[in-house]
Amino acid sequence: AQSVSQHNHHVILSEAASLELGCNYSYGGTVNLFWYVQYPGQHLQLLLKYFSGDPLVKGIKGFEAEFIKSKFSFNLRKPSVQWSDTAEYFCAVNDPLPYGGATNKLIFGTGTLLAVQP
Amino acid sequence: GAVVSQHPSWVICKSGTSVKIECRSLDFQATTMFWYRQFPKQSLMLMATSNEGSKATYEQGVEKDKFLINHASLTLSTLTVTSAHPEDSSFYICSASGRATGNSYETQYFGPGTRLLVL
Numbered sequence: 001a002q003s004v005s006q007h008n009h010h011v012i013l014s015e016a017a018s019l020e021l022g023c024n025y026s027y028g029g030t031v032n033l034f035w036y037v038q039y040p041g042q043h044l045q046l047l048l049k050y051f052s053g054d055p056l057v058k059g060i061k062g063f064e065a066e067f068i069k070s071k072f073s074f075n076l077r078k079p080s081v082q083w084s085d086t087a088e089y090f091c092a093v094n095d096p097l098p099y100g101g102a103t104n105k106l107i108f109g110t111g112t113l114l115a116v117q118p
Numbered sequence: 001g002a003v004v005s006q007h008p009s010w011v012i013c014k015s016g017t018s019v020k021i022e023c024r025s026l027d028f029q030a031t032t033m034f035w036y037r038q039f040p041k042q043s044l045m046l047m048a049t050s051n052e053g054s055k056a057t058y059e060q061g062v063e064k065d066k067f068l069i070n071h072a073s074l075t076l077s078t079l080t081v082t083s084a085h086p087e088d089s090s091f092y093i094c095s096a097s098g099r100a101t102g103n104s105y106e107t108q109y110f111g112p113g114t115r116l117l118v119l
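Protein chains in written order, with this note's numbering: chain A, 1 to 118; chain B, 1 to 119.
Derived from the structure by calculation, the hints contain no laboratory data. Bear in mind that the values here come from a model prediction, so they are computed numbers and not experimental data. For each residue, glycine too, the CB sits at the ideal point set by N, CA and C. Among the hints, erroneous ones may be present.
Stated by the list, open to error - Not everything, but these chain B residues come out facing chain A in the computed CB check (under 7 Å):
#, residue
1, Q38
2, P40
3, L44
4, N51
5, S54
6, F110
All chains, please: the whole structure from these sequences, using the hints.
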């Protein structure tokens, strides 16, 4: 079964620092990959997604993620964080089907809480 | 576009009562809706998947008689927690996927969640 790991549970950065949040998944077949963000008191919002094509995906608010198939990874990056990026970030992967393709069920990582100090 | 709402946003009830939570897709037709449960400091746990007009598919360990899901239309799904107990207290989140403008069916859009407290 597919599983998703986010190794950083808490990250504390100063404004303008660069960010990289790790995400690894276990199943190596066809995957659709997502990063969601949950700002304090708000609902989950889609940051970016990868289905196919260019493995470097640009999302909203200056975020990007790179799909590296050989490493089963989909790390999230931002060159310069802002205080307003303080939030919890979730990586998610579609649940794969036994014979290829993927369902539209999402398997979530445990989340990474990012705190940006002004 | 792709807005999902939930009602109520929070509810407090007595043990033994039933609570209904609504999830609506406001600007697209949600062919599939999902119900999640989120415990403090933990990730989202998928409870069930519902397709419009079909019975919900429950994840392993989720009691279908306790968590009744109805997806009667392409814009509304309901989760009813029957005979609620304090251990059912949690944050319940729905999401919807469908042919929203510019997106494929695989993308899920999340509601704001419903916080349930059972006394």
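Do the hints match the structure? See the list:
1. Q38: violated (9 Å)
2. P40: Because about 11 Å separates P40 (chain B) from the closest Cβ in chain A, which is outside the 7 Å limit, the hint is violated.
3. L44: L44 (chain B) check passes; min Cβ-Cβ to chain A is 5 Å, inside 7 Å.
4. N51: With a minimum Cβ separation of about 10 Å from chain A (threshold 7 Å), the hint on N51 (chain B) is violated.
5. S54: With Cβ-Cβ at 14 Å, over 7 Å, it is violated.
6. F110: With Cβ-Cβ at 4 Å, under 7 Å, it holds.
The structure is inconsistent with the numbered hints 1, 2, 4, 5, although it conforms to all the rest.
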